[in-house]
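Engineer: Bring the two chains, given one by one in their own frames, into a single complex with the hints.
As you go down the protein sequences, you meet chains A and B in turn. Residue numbers 500 to 666, in my numbering, belong to the letters of the first sequence in order. Residue numbers 113 to 360, in my numbering, belong to the letters of the second sequence in order.
It is worth saying that the hints were derived from the structure and are not from the lab. For glycine and all other residues, C-beta sits at the position ideal for the given N, C-alpha and C. A few of these clues could be false.
Chain A is nowhere near these chain B residues, computed Cβ spacing over 10 angstroms in every case [claimed, not checked]:
#1 N274
#2 Q293
#3 F295
Computed, partial: chain A to chain B, Cβ under 7 angstroms [claimed, not checked]:
#4 Q528
#5 R558
#6 I562
#7 G565
#8 D576
#9 V598
#10 G599
#11 A658
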Amino acid sequence: MNKEAEEALLANVKSITDRLDLVDEVFKQLRVGRNMVLVFQCGHSGLYLPGDYVKNWGRGYGIGLGPHPVSEVLDTDYHTDPPAITPEIQSIEQIMHPVGNSMAQVDYMLVEESVAKANMAVLASADPHMRARAGIVRRKQLDNPKSRLRNMAVAWERAGRNLVGAY
Amino acid sequence: MQPTIIQDAISVAAGSINENVIVSNAALRGLLEAPYPSRIRLLAVISATGLRIDATHGSSKYAGSCDLRVSSSTPDDPLDVVNDEAYTQAGEQMVIRATNTTGGAITLRYMLILEPLVNETWTGGQVELPPDVLVMQRGPVSVADATAALQLLDGLVFERINVPSILKVFMTQSAAGILRQVFIDQDRIAPPSTISLNNRVPQDPFDMTINGVEVPANALQQLQVSNASGGALNVFWKTKNQQLIRRN
Numbered sequence: 500m501n502k503e504a505e506e507a508l509l510a511n512v513k514s515i516t517d518r519l520d521l522v523d524e525v526f527k528q529l530r531v532g533r534n535m536v537l538v539f540q541c542g543h544s545g546l547y548l549p550g551d552y553v554k555n556w557g558r559g560y561g562i563g564l565g566p567h568p569v570s571e572v573l574d575t576d577y578h579t580d581p582p583a584i585t586p587e588i589q590s591i592e593q594i595m596h597p598v599g600n601s602m603a604q605v606d607y608m609l610v611e612e613s614v615a616k617a618n619m620a621v622l623a624s625a626d627p628h629m630r631a632r633a634g635i636v637r638r639k640q641l642d643n644p645k646s647r648l649r650n651m652a653v654a655w656e657r658a659g660r661n662l663v664g665a666y
Numbered sequence: 113m114q115p116t117i118i119q120d121a122i123s124v125a126a127g128s129i130n131e132n133v134i135v136s137n138a139a140l141r142g143l144l145e146a147p148y149p150s151r152i153r154l155l156a157v158i159s160a161t162g163l164r165i166d167a168t169h170g171s172s173k174y175a176g177s178c179d180l181r182v183s184s185s186t187p188d189d190p191l192d193v194v195n196d197e198a199y200t201q202a203g204e205q206m207v208i209r210a211t212n213t214t215g216g217a218i219t220l221r222y223m224l225i226l227e228p229l230v231n232e233t234w235t236g237g238q239v240e241l242p243p244d245v246l247v248m249q250r251g252p253v254s255v256a257d258a259t260a261a262l263q264l265l266d267g268l269v270f271e272r273i274n275v276p277s278i279l280k281v282f283m284t285q286s287a288a289g290i291l292r293q294v295f296i297d298q299d300r301i302a303p304p305s306t307i308s309l310n311n312r313v314p315q316d317p318f319d320m321t322i323n324g325v326e327v328p329a330n331a332l333q334q335l336q337v338s339n340a341s342g343g344a345l346n347v348f349w350k351t352k353n354q355q356l357i358r359r360n
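This is chain B alone, in the form it adopts within the complex (with noise of 0.2 angstroms):
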């Protein structure tokens, strides 16, 4: 079986949501729904920051809230990659939705990929699939001078997950001067430590800076951070949750 590859650059409007730009794209509407069980890889990047995706197959979010590069050309592929790890049964509906806070329309342009999971002699129906991975990044997040321990997860969707998981966790800052620290409930997983200078929304594997952190089932995920710089900085941040159980 070959893959089915949406891609499309559309404008959402100023103070606007729209609630999927697949079906914005009548060229697109016959491809709204899995047409196998498929792995699902959404690319995407945005024209000016301001503009914020969820991903949803069927019922289940698997990015939840993100902020994107800033770019005047598509996706580069593996570097504008939001998640390549979410699964979906055939027939499930594929949901991108957008928010534009701003007072001006800005581009988004992506990639919607299936790659099938079953070959010629599948005769429908469900087959089993693996776990997804929870994304969610954000940024640019404003980090005011002396600020002691922002916690930049606080009242977010994956915040806390039902099932357990292993979380990755990718940052980077504006310019030096940013220092981050990772509790799970109250267990402190990694000391204040500097992070990535690249200004950007982050890249895997590039902006890495925590791996395979057991998180279980309800625990609370805090990435706090901690500017003593002088003056506001900026810092972007990325989670990749593996959850080890799944949930449909």
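So here's chain A without its partners, still in its complex pose (with noise of 0.2 angstroms):
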């Protein structure tokens, strides 16, 4: 049904009843459907995961992650130092604090698709070699206190190495 065709319904059923507000009540229900989709939800970083993530677990989702789904999603280990800046170290964007995926619950859902689409995680079947996650991560890593990353470019200046355009 349309738009047009549910305001007309609407208009039509409240004309034959004065219980209005059972009508709100049954049409408020009617489109909590509409535009929702069935997500799974990342516990740890609050990002969504497609809603046949389980179904298609060790297909196109989780590869290499375990028999029992867990979020893909990544997450920074901050307790381990970037790694060091050693003369085979081309450019400042290989160094950050290691990455791994947080193998968090996940929780199944229903969000508006619009929201799904703008929180929806990068899947590791889109991005086998991590490089579009890893550039997601580094920046969030950079703009995180706890992150050694901002003193790893002084080094990277001692080190007589050209900065321009690291961050």
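Structural biologist: See below:
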């Protein structure tokens, strides 16, 4: 039923009853399903994962993360220092606190489609070499006061490396 | 004598190779060489897929290009053992080489345990040691739909071994649909059969699929998989070759 048809029906129903409170409640419940999608939410990051995440666990999602569905969203390990700057390191972009799969619980939930799209996690299947996800996590690390990443930039400069465009 | 236990968590930079993770921790540099003839036990896990290790004692490789289980914790003993049947003389250098092929830094958590094979009466020098077990483990390896016979060991370091050995194979798959078979040269040892469904790097002994296969010196080992499931799947595998003669 499209929006115009629904409004016409609502006007007709309201014209034949004085229980407008019940009519409003029924139509409110009808609207709950509109533009809503089922997703899984990562219990650690709050990001959303597709509605078939558990059904296709081991096929499209969670490859290598074991038999039981958990979140594949990346998280930062701030307790482990970033790698040392050695002569082999070509770019400061290679240096960051290490990342790992959060493996948090995932919960099934109903959210508006636009909200789901805006908060959908980048999946490993769409970013197999972690380049897009590492960029996102690295920006978060730069904003986190626990991070040693900004200090590493000083070390990078002391090593005579060019920092232009690094941040 | 007491064992020597090295345990560390180290980050490996994006798109880089760390030639020896033990050297990278200044506190461990005094433990680079085996202090006495010993049995080596290596356990390791990684924080995300994409980091691979090689391990050698002296000039002998005992773990070749190994993928590891993804975990946010320290390695579980014995489930995360990469190899616990390699043997070193005193003074050989311990090397764990880590390669990160991804765009993000990844944590390697490892334990290297040296169990002495001599007692307090040992006065130095070499002792007779058993032959090493050679280990390779890989995964995830994507197997496209309608793949008939993908040879998993093709071009890898222990595909042919120059001494006779006994082969064990461990395998898992990410979802149902993979069949495996094993050939030694042209002899089919194991016909197509399904494998464990654990979606992670195989663990010894849970995911064993082949055991006790005699491999002559320089024979070609072929571990083949097929996928007729209707979609791409991933396979994980581990081979252990118990050499029957020590090479050095």
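Engineer: What are the numbers of the hints the structure violates, in ascending order?
Structural biologist: When the structure is compared with the hints, numbers 4 and 11 turn out to be violated.
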